[in-house]
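Got chain A sorted already, so can you dock chain B onto it with the hints?
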Amino acid sequence: AQSVTQPDIHITVSEGASLELRCNYSYGATPYLFWYVQSPGQGLQLLLKYFSGDTLVQGIKGFEAEFKRSQSSFNLRKPSVHWSDAAEYFCAVGAQGGSYIPTFGRGTSLIVHP
Amino acid sequence: DGGITQSPKYLFRKEGQNVTLSCEQNLNHDAMYWYRQDPGQGLRLIYYSQIVNDFQKGDIAEGYSVSREKKESFPLTVTSAQKNPTAFYLCASSIGGFSGYTFGSGTRLTVV
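So the sequence lines, in the order shown, correspond to chains A and B.
Be aware that the first sequence starts at 1, since it is given in my numbering, and climbs by one per residue.
Be aware that the second sequence starts at 115, since it is given in my numbering, and climbs by one per residue.
So here's chain A without its partners, still in its complex pose (with noise of 0.2 Å):
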């Protein structure tokens, strides 16, 4: 079965400031990778998704992603985060074949201070 852990519960940044958010994984083939952001007191919302291919993936709200088999992770990257990026954010990992059930991390509270 397929996990992931994300091992940060917390990050501070400063607005304007580059982000880069963890996230591993475990499972044995090449697995389904996804982002999602929740505001307080909201749904999730997919930021971006990885199947295959190019490695670096482009999502939303100028967010983007990399995928590195060598390393089992999978991390959100912005370069200029802005206020309104404050959330959580949750990484989220299927297996192929089965039931399409991804499983997800526990998420990373982004704290943004201007």
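Incorrect hints may have been included.
Subject to a maximum C-alpha distance of 25 Å in a straight line, what follows is the list of computed SDA-like cross-link-like pairs (lysine to any residue) [said to hold, decoys possible]:
(1) A/K61 to A/Y27
(2) B/K197 to A/K61
(3) B/K123 to A/K49
(4) A/K49 to B/R158
Estimated spans, in silico, between C-beta atoms of each pair [to be verified]:
(5) A/H10 to B/P189: 30 to 40 Å
(6) B/Q155 to A/H82: 20 to 30 Å
(7) B/G130 to A/T12: 40 to 50 Å
(8) B/D152 to A/R22: 14 to 24 Å
(9) A/A1 to B/T191: 23 to 33 Å
(10) B/G130 to A/S109: 28 to 38 Å
(11) A/T55 to B/S213: 30 to 40 Å
Selected chain B positions facing chain A (Cβ under 8 Å, derived; list incomplete) [to be verified]:
(12) G154
(13) L157
(14) A175
(15) A195
(16) L204
(17) I209
(18) Y215
(19) F217
(20) S219
Hint data in this document are derived by calculation from the structure and do not stem from the laboratory.
Where is the CB? At the ideal position from N, CA and C, for every residue including glycine.
What follows is chain B alone, placed relative to chain A:
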């Protein structure tokens, strides 16, 4: 615009009462899902349905029930058997496969 509507946004119930959370989508998605979210625990799958009139238990189905009589609707009933029902409940839908989910805005259930 297409999307998923969850209602109500806030729900208060007395202990021992059953309560039903509504989830409606107009995206024409085949698959629908219910998740429970507790602080620091991420999302845990309660039930999912990949086709009308069929559904499967997720990781924490005990104390919950669902129905899928229409493609657009996937209501969740939290029964009195659920030991700790106070939580944030999220409904999602997808085209199928690994297309990614569209989520509703959630229902916060508080049982007193």
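The hints, checked one at a time:
1. A/K61 to A/Y27: Measuring from Cα to Cα gives roughly 28 Å; hence the hint is violated.
2. B/K197 to A/K61: Distance ~39 Å between B/K197 and A/K61 Cα, so the pair is violated.
3. B/K123 to A/K49: violated (28 Å)
4. A/K49 to B/R158: holds (20 Å)
5. A/H10 to B/P189: 30 to 40 Å: Once the Cβ atoms are compared, 35 Å apart, the range 30 to 40 Å for B/P189 and A/H10 holds.
6. B/Q155 to A/H82: 20 to 30 Å: holds (28 Å)
7. B/G130 to A/T12: 40 to 50 Å: Taking Cβ atoms as reference, B/G130 and A/T12 lie about 43 Å apart, which means the hint holds.
8. B/D152 to A/R22: 14 to 24 Å: Check passed, 22 Å falls within 14 to 24 Å.
9. A/A1 to B/T191: 23 to 33 Å: Since A/A1 and B/T191 have Cβ atoms about 28 Å apart, the given range 23 to 33 Å holds.
10. B/G130 to A/S109: 28 to 38 Å: Holds: the Cβ-Cβ distance is about 34 Å, inside 28 to 38 Å.
11. A/T55 to B/S213: 30 to 40 Å: At 20 Å between Cβs, range violated.
12. G154: Nearest chain A Cβ about 6 Å off; hint holds.
13. L157: holds (4 Å)
14. A175: violated (13 Å)
15. A195: With a minimum Cβ separation of about 24 Å from chain A (threshold 8 Å), the hint on B/A195 is violated.
16. L204: Hint holds; B/L204 Cβ to chain A Cβ min 6 Å, cut 8 Å.
17. I209: violated (11 Å)
18. Y215: Holds. Min distance 7 Å.
19. F217: holds (3 Å)
20. S219: B/S219 check passes; min Cβ-Cβ to chain A is 5 Å, inside 8 Å.
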